[in-house]
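**Student:** Residues per chain, in single letters:
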Amino acid sequence: MNLFYFVAFLSIFFSLLVIFSKNPVYSVLFLIVTFFTFSVHYILLNAQFLAIVNFIVYMGAIMVLFLFVLMLLNLNKDTEPMKSSLLKIAGVVSGLCLLLTLVGAVKSLNVSEPLILKDPGIGLVKNLGKVLFNEFLLPFEVSSILLFSAMVGSVLLAKKDPKKI
Amino acid sequence: MELALIIEKFILVVVIFAVSLGVAAYSTLAERKIAAFLQGRVGPHRAGPGGMFQPLADGGKMFFKEEIIPAESNPFLFIMGPSLALLTACIGSAVIPWGQSMQFGDRVVELQVTDINVGILYIFGVVSLGVYGIMIGGWASNNKFSLMGAIRAASQNISYEIAMGLSLIALLMVSGTLSLKDIVEQQHGFWNNGWFTWNVFTQPLGFLLFIVCSFAECNRTPFDLPESENELVAGYHTEYSGFKLGAFLFAEYVNMFVSSAVMATLYWGGYNYPGMDYVFELLGPTWAPIVGIAVLFAKIFFFIFFFMWIRWTIPRFRYDQLMNLGWKVLIPLAIANIILTGIWITIKDNLL
Chain A
1 MNLFYFVAFL
11 SIFFSLLVIF
21 SKNPVYSVLF
31 LIVTFFTFSV
41 HYILLNAQFL
51 AIVNFIVYMG
61 AIMVLFLFVL
71 MLLNLNKDTE
81 PMKSSLLKIA
91 GVVSGLCLLL
101 TLVGAVKSLN
111 VSEPLILKDP
121 GIGLVKNLGK
131 VLFNEFLLPF
141 EVSSILLFSA
151 MVGSVLLAKK
161 DPKKI
Chain B
1 MELALIIEKF
11 ILVVVIFAVS
21 LGVAAYSTLA
31 ERKIAAFLQG
41 RVGPHRAGPG
51 GMFQPLADGG
61 KMFFKEEIIP
71 AESNPFLFIM
81 GPSLALLTAC
91 IGSAVIPWGQ
101 SMQFGDRVVE
111 LQVTDINVGI
121 LYIFGVVSLG
131 VYGIMIGGWA
141 SNNKFSLMGA
151 IRAASQNISY
161 EIAMGLSLIA
171 LLMVSGTLSL
181 KDIVEQQHGF
191 WNNGWFTWNV
201 FTQPLGFLLF
211 IVCSFAECNR
221 TPFDLPESEN
231 ELVAGYHTEY
241 SGFKLGAFLF
251 AEYVNMFVSS
261 AVMATLYWGG
271 YNYPGMDYVF
281 ELLGPTWAPI
291 VGIAVLFAKI
301 FFFIFFFMWI
311 RWTIPRFRYD
321 QLMNLGWKVL
331 IPLAIANIIL
341 TGIWITIKDN
351 LL
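If you read the protein sequences in the order shown, they are chains A and B.
Following the numbering used here, the numbering of the first sequence begins with 1 at its first residue and continues without gaps.
Following the numbering used here, the numbering of the second sequence begins with 1 at its first residue and continues without gaps.
No lab work stands behind these hints: they were computed from the structure.
Small disclaimer: the values here were computed from a predicted structure and weren't measured.
Careful: at least some of the hints might be erroneous.
[Claimed, not checked] Below, simulated SDA-like cross-link-like pairs (lysine to any residue); rule was C-alpha separation at most 20 Å, straight line:
#1 A/Lys22 - A/Val69
#2 A/Lys22 - A/Phe68
#3 B/Lys33 - B/Lys9
#4 B/Lys61 - B/Ala30
#5 A/Lys130 - A/Val25
#6 A/Lys22 - B/Leu77
#7 A/Lys130 - A/Val53
#8 B/Lys144 - A/Val25
#9 A/Lys159 - B/Ser155
#10 A/Lys159 - B/Leu325
#11 A/Lys130 - B/Tyr319
#12 B/Lys348 - B/Met80
#13 A/Lys126 - B/Lys33
#14 B/Lys65 - B/Leu245
#15 B/Lys144 - B/Ile79
#16 A/Lys160 - B/Lys328
#17 A/Lys126 - B/Leu325
#18 A/Lys130 - B/Val174
#19 A/Lys126 - B/Asp182
#20 B/Lys33 - B/Gly48
#21 B/Lys9 - B/Val108
#22 B/Lys328 - B/Gly165
#23 B/Lys328 - A/Val152
#24 B/Lys328 - B/Ile345
#25 A/Lys22 - B/Pro75
#26 B/Lys348 - B/Trp191
#27 A/Lys126 - A/Ala47
#28 B/Lys328 - A/Phe35
#29 A/Lys126 - B/Lys328
#30 B/Lys9 - B/Met102
#31 A/Lys22 - B/Gly22
#32 B/Lys328 - A/Met151
#33 A/Lys22 - B/Phe78
#34 A/Lys159 - B/Lys144
#35 B/Lys144 - B/Leu56
#36 A/Lys22 - A/Val53
#37 A/Lys22 - B/Leu245
#38 B/Lys348 - B/Ile338
#39 A/Lys159 - B/Gln321
Same shape as in the complex, but just chain A:
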């Protein structure tokens, strides 16, 4: 349990650093560390497959692309345009509204009974595969269609317009 609190502290600490660091490349690097602490959380929950998939997909692929784009953008303090004060005030107001909503939501929560899993080894690859392909087959297949449509859309966006050439 103490380990959980330590890792949770690290997650929150690094996610705060993501927001507060001035350099966007540092932000992305802190985000990678945050995702790493999420992987540790999954391992603590005995969900090894999710942990390693989070590791590969988020840390290994998506964040590489984020870093890739940021490196090309060359965002510095000098080149970044200053936002107008109206935008800043609007940002503060909407941020405070969100905070208020979150605090209100948390206040009205009740502490739920701790959930005991029927099968503590459900996060292991073998059990997870069986559950996915037996109980949740339809959602699993539907999500593949969702991903496929996203893929087609991104290819269509990236494709050169034949009329313009």
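Model the placement of chain B on the given structure of chain A, informed by the hints.
**Tutor:** Coordinates of chain B only, in the frame set by chain A:
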């Protein structure tokens, strides 16, 4: 956890770490010797008998050279780049089974640091992290050529990871497990039920795809576009000097060692060899695993030699050729391999 287990694992980790660094150091000498052989030269032969101490001399030179951190660079990330590259290169060897379990008296010692049941995915994750060292180092140098090298490394690694993962899926369909230990144990011996037990004979296309992708992941010629010296000076390590440059170069050789070990384990039977049961009876459970380790290392050294052979034989790709090969040849081939494997497994289970 008992103390003996911790001590045992600690010794194993230290030994594997030392061996992988030692092999990487002597790979630099081997590379120069093999290059010399292929080009009809002698190669390094002044330091020690036959150039044996050349890696030590190189290491000494790297340590004592002046470390330059460019004025306009980002010093923290500039140092973190090569450190990350070396770190991610070294942690991949944790899940590789180096031999059968050895018996000392009553105690059975597993020659594998940890047998997690997602072993292959762990290696895949470590491989996908490998690009961060190059990217961070290249970006922090604040140099156009370094940035170009870093960006090339990132796009190349991401493109070839897909084909690598797909070629592994076909292997997983055959073996039915993600644990490297189980995969090696399934390849026991050499011949069983009228066919070879090693996975390369059931997955030849998969192995071909995997080896091409591991060349690309290690940034070795013909895929060394991130550091192509005729276009980008030296790519991502243009600004590096002294031991930080050494760390980048060393990471490449450690990567080569680990990926050779992974290839030998996944496809070429790991520590298994023909007639291993006979040798096991002859030598007993303490000494027979040593033969297995020697066999595994022979396979690893062959693959390292193969890496070098290719490097000095095949010229570098052009960048569009690299991307075409990755996306239009390797990925469709890998998907076709998965489908063929699926058909084959269905036929085998239902008809044979």
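**Student:** State for each hint whether it applies.
**Tutor:** Each hint tested on the structure:
1. With a C-alpha separation of about 17 Å, the suggested pair A/Lys22 and A/Val69 falls inside the 20 Å cut-off, and the hint holds.
2. Between A/Lys22 and A/Phe68, the direct Cα distance comes to roughly 18 Å. Compliance with the 20 Å bound is thereby established for this hinted pair.
3. For the hint pairing B/Lys33 with B/Lys9, the CA-to-CA distance comes to about 35 Å; that exceeds 20 Å, so the pair is violated.
4. At roughly 18 Å between alpha-carbon atoms, B/Lys61 and B/Ala30 fall within 20 Å of each other, so this suggested pair holds.
5. Taken as a hint, the A/Lys130 and A/Val25 pair is broken in the structure, with Cα atoms around 40 Å apart against an allowance of 20 Å.
6. Taking the CA atoms of A/Lys22 and B/Leu77, the gap is near 15 Å; set against the 20 Å cutoff, the hint holds.
7. Distance check on the hinted pair: A/Lys130 and A/Val53 sit about 17 Å apart at the alpha-carbon level, within 20 Å; holds.
8. Proximity of B/Lys144 to A/Val25 is assessed by CA-CA distance (about 17 Å); at most 20 Å being required, the pair is judged to hold.
9. With a C-alpha separation of about 18 Å, the suggested pair A/Lys159 and B/Ser155 falls inside the 20 Å cut-off, and the hint holds.
10. Note on A/Lys159 and B/Leu325: the hinted pairing holds, with a Cα-Cα distance of about 19 Å set against a maximum of 20 Å.
11. Restraint check for A/Lys130 and B/Tyr319: not satisfied, since their Cα atoms lie roughly 42 Å apart, outside the 20 Å limit.
12. At most 20 Å may separate the alpha-carbon atoms for a hinted pair to count; B/Lys348 and B/Met80 exceed this at roughly 51 Å.
13. Only pairs whose Cα atoms come within 20 Å are accepted, and A/Lys126 paired with B/Lys33 is rejected, the gap being roughly 47 Å.
14. This hinted pair checks out: B/Lys65 and B/Leu245 have alpha carbons roughly 10 Å apart, not beyond 20 Å.
15. Taken as a hint, the B/Lys144 and B/Ile79 pair is honoured in the structure, with Cα atoms around 18 Å apart against an allowance of 20 Å.
16. Restraint check: the Cα-Cα separation between A/Lys160 and B/Lys328 comes to about 18 Å, which is no more than 20 Å; the hinted pair holds.
17. For the given pair, A/Lys126 sits about 34 Å from B/Leu325 by alpha-carbon distance, which is inconsistent with the 20 Å threshold.
18. A C-alpha spacing of about 18 Å is found between A/Lys130 and B/Val174, which places the hinted pair at or below 20 Å, so the restraint holds.
19. A distance of roughly 14 Å separates the Cα atoms of A/Lys126 and B/Asp182; the hinted pair therefore holds under the 20 Å criterion.
20. Annotation: proposed proximity of B/Lys33 to B/Gly48 holds, straight-line Cα distance about 14 Å (limit 20 Å).
21. About 12 Å separates the Cα atoms of B/Lys9 and B/Val108, which keeps this hinted pair within 20 Å; it holds.
22. At roughly 16 Å between alpha-carbon atoms, B/Lys328 and B/Gly165 fall within 20 Å of each other, so this suggested pair holds.
23. For a cut-off of 20 Å, the pair hint linking B/Lys328 to A/Val152 stands: about 16 Å separates their Cα positions.
24. About 26 Å separates the Cα atoms of B/Lys328 and B/Ile345, which puts this hinted pair outside 20 Å; it is violated.
25. Annotation: proposed proximity of A/Lys22 to B/Pro75 holds, straight-line Cα distance about 16 Å (limit 20 Å).
26. This hinted pair checks out: B/Lys348 and B/Trp191 have alpha carbons roughly 18 Å apart, not beyond 20 Å.
27. Distance hint between A/Lys126 and A/Ala47 is fulfilled; the C-alpha atoms sit about 11 Å from each other, no more than 20 Å.
28. Annotation: proposed proximity of B/Lys328 to A/Phe35 is violated, straight-line Cα distance about 32 Å (limit 20 Å).
29. For the suggested pair A/Lys126 and B/Lys328, the alpha carbons sit about 33 Å apart, so the restraint of at most 20 Å is broken.
30. Restraint check for B/Lys9 and B/Met102: the C-alpha separation of about 13 Å stays at or below 20 Å, so the hint holds.
31. In summary, the hint linking A/Lys22 to B/Gly22 is not supported, as the alpha carbons are separated by about 42 Å, beyond the 20 Å threshold.
32. At most 20 Å may separate the alpha-carbon atoms for a hinted pair to count; B/Lys328 and A/Met151 meet this at roughly 16 Å.
33. Proximity of A/Lys22 to B/Phe78 is assessed by CA-CA distance (about 18 Å); at most 20 Å being required, the pair is judged to hold.
34. Restraint check: the Cα-Cα separation between A/Lys159 and B/Lys144 comes to about 27 Å, which exceeds 20 Å; the hinted pair is violated.
35. With a C-alpha separation of about 33 Å, the suggested pairing of B/Lys144 with B/Leu56 is violated against the 20 Å cut-off.
36. Annotation: proposed proximity of A/Lys22 to A/Val53 is violated, straight-line Cα distance about 30 Å (limit 20 Å).
37. For the proposed pair A/Lys22 and B/Leu245, the alpha carbon gap of about 29 Å is over 20 Å, so the pair is violated.
38. A distance of roughly 15 Å separates the Cα atoms of B/Lys348 and B/Ile338; the hinted pair therefore holds under the 20 Å criterion.
39. With a C-alpha separation of about 19 Å, the suggested pair A/Lys159 and B/Gln321 falls inside the 20 Å cut-off, and the hint holds.
Hint compliance for this structure: hints 3, 5, 11, 12, 13, 17, 24, 28, 29, 31, 34, 35, 36, 37 are not met, and every other hint is.
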